[in-house]
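From first to last, the protein sequence lines are chains A and B.
Just so you know, we're using this note's numbering here: the first sequence kicks off at 1 and counts up by one.
Just so you know, we're using this note's numbering here: the second sequence kicks off at 93 and counts up by one.
Quick caveat, the hints were computed from the structure, so don't treat them as lab data.
Wrong hints could be hidden among the right ones.
As the list claims (entries may be wrong) - Each pair of labels, with its calculated beta carbon distance range:
| id | chain 1 | residue 1 | chain 2 | residue 2 | range |
| --- | --- | --- | --- | --- | --- |
| 1 | B | R204 | A | P4 | 25 to 33 Å |
| 2 | B | E348 | A | P4 | 37 to 45 Å |
| 3 | B | L334 | A | A67 | 26 to 34 Å |
| 4 | A | A82 | B | T122 | 39 to 47 Å |
To be verified - Negatives, chain A to chain B, calculated, CB over 10 Å:
| id | residue |
| --- | --- |
| 5 | G18 |
| 6 | P26 |
| 7 | S27 |
| 8 | A51 |
A virtual CB, placed ideally from N, CA and C, is assigned to each residue, including glycine.
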Amino acid sequence: MHVPRYRRSAHVLWRNVGHEVVLASPSGEGFEVLTGAGGQAWRALETARSAAELTVELAAWFANTPARIGAEVDSLLTALHARGLVERADDG
Amino acid sequence: MTADASAFATEVAAVGLAGGSSVLRRPAGTWDAAVELLARERLTGLAVEAVLEGRLELSASQADELLAAHQQAMARALDHERVLVAVGGALQDAGVGVAVLKGPAFAHCFYRDPAARPFADLDLMVAADDWRRSCTLLEDLGYRRLQPEPRAGFDERFGKAATHRDAAGRTVDLHRTLVVGPFGLWIRPEELLARLQAFELGGRRFLRLDDTGSLLNACVHASLGWWPPSLLAVRDVAQIALNADVDWGRFAAWTERWRLGVVVADAFRTVERLLRLPVPPPVHRLVTAGRPPRERRLLSAYQGQTRAHSGPALATLAAIPGVAAKAGYLRALLLPDRRFLAARAPGQPSSYLRRWAIPARWLTRSRRPGT
């Protein structure tokens, strides 16, 4: 089965603000703010990762178990992908 | 232990440098006032860095206040990066060679985290030949020029930059050279524009001055851009000198040929005085060399009260070669178009008398014995 891998979209403008990350789409008006694990996930997505890989990494970072945060990581990636903020590494 | 607000801001400006404090003293006054000062000096990013590294201890509410100010600063910077993608991209697509100065170029290329280097406008430099076309393109994109040029052709001959703003208040400074006044006229922008380096932002490739040109730009901005000097501009000098791949031979050659010795020396001495960072060995000779009194006098036109009284504009005469060109410059200053006068004093009848009073006052002051 093909497992999608995600990374930050190259066109997204962003900044660290403490532990948070503020994202700006170049053609948009407002901003998205990723807090807590969301901000850490964004930093990790500098290189392409599958949802499972990202889950393991965040679980280690936040001293949690992958089973407890897996569903949240999936929803975060789905939401970021729907907004065009991350892209699938195999989309070209 | 506490420090007064400006001493605190100066300590923040040195965060992470060799001369910086390992632990910052909190300001003696209210935290509101300190955050306001940090925001005004664009130092919220370095202050947040200090908190994250444990160099600055804050209560939860103080940290929240700082983060809120920093979030605003970052929103403004990101908004101007959107402007860069749209405007810089449109200029590139129209075949205009454009270089990004300071702001996004410095933040992304010389700071470990661009969040440490806020900016609130966008500075773009184009060649004199592309100047008119670039102004027109900006107007077409919804950016209105705030000040018309004094007389037709003034921009290309004597001008430094024109500020354009869109309906949302986003600002683009379109530059022909790096700074207003005599030093700006001595700089050869075509040589800076001949040595550009690429960086990527928002999925596009942009050009900036190379590391050597960037350091010179930072020195010019730190020494001549504001009075008193902007702490972030002073930090830029240290940041680029320490982290960039500067061609020191070319830096010295440009500095001497463009008569910027007094400016570069002033910038590095200010870094030494405020950020407690010694002058780097490659510029030691430039900084310690004696400079002609004339250049020192011109530098003083950018400082203190003289700056507020059109010092740089009047000092420009010194750098304009030939009597005819000097006369053209004076004519543009003393007899500008009515449109220019109206823009300078909105809502008031355009008056040459009010304008003439400025150089008259300046001349009167400069004739006093001992001044």
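Item checked: chain B versus G18 of chain A - minimum CB to CB distance exceeding 10 Å, so not interface -> Violated, because the least Cβ-Cβ distance between G18 of chain A and chain B comes to about 5 Å, which does not exceed 10 Å.
Notebook entry, point to check: Beyond 10 Å from every Cβ of chain B: is that where the Cβ of P26 of chain A lies?
Noted result: 4 Å, violated
Next item on the list: Hint says 37 to 45 Å; check whether the CB-CB distance for E348 of chain B and P4 of chain A agrees.
Entry: The hint (37 to 45 Å, Cβ to Cβ) is violated, given that E348 of chain B and P4 of chain A are roughly 58 Å apart.
Notebook entry, point to check: Holds or violated: 26 to 34 Å for the Cβ distance of L334 of chain B and A67 of chain A?
Noted result: 46 Å, violated
Check: If you check the beta carbons of R204 of chain B and P4 of chain A, does the distance land in 25 to 33 Å?
Finding: Holds - the Cβ-Cβ distance for R204 of chain B and P4 of chain A, about 31 Å, lies within 25 to 33 Å.
Next item on the list: Return holds or violated for the Cβ distance of A82 of chain A and T122 of chain B against the range 39 to 47 Å.
Entry: 44 Å, holds
Check: With d taken as the least Cβ-Cβ distance between A51 of chain A and chain B, does d exceed 10 Å?
Finding: Given that every Cβ of chain B is farther than 10 Å from that of A51 of chain A, nearest at about 24 Å, it holds.
Check: Minimum Cβ separation between S27 of chain A and chain B greater than 10 Å?
Finding: 8 Å, violated
Violated hints, listed in ascending order, are 2, 3, 5, 6 and 7; each of the other numbered hints is respected by the structure.
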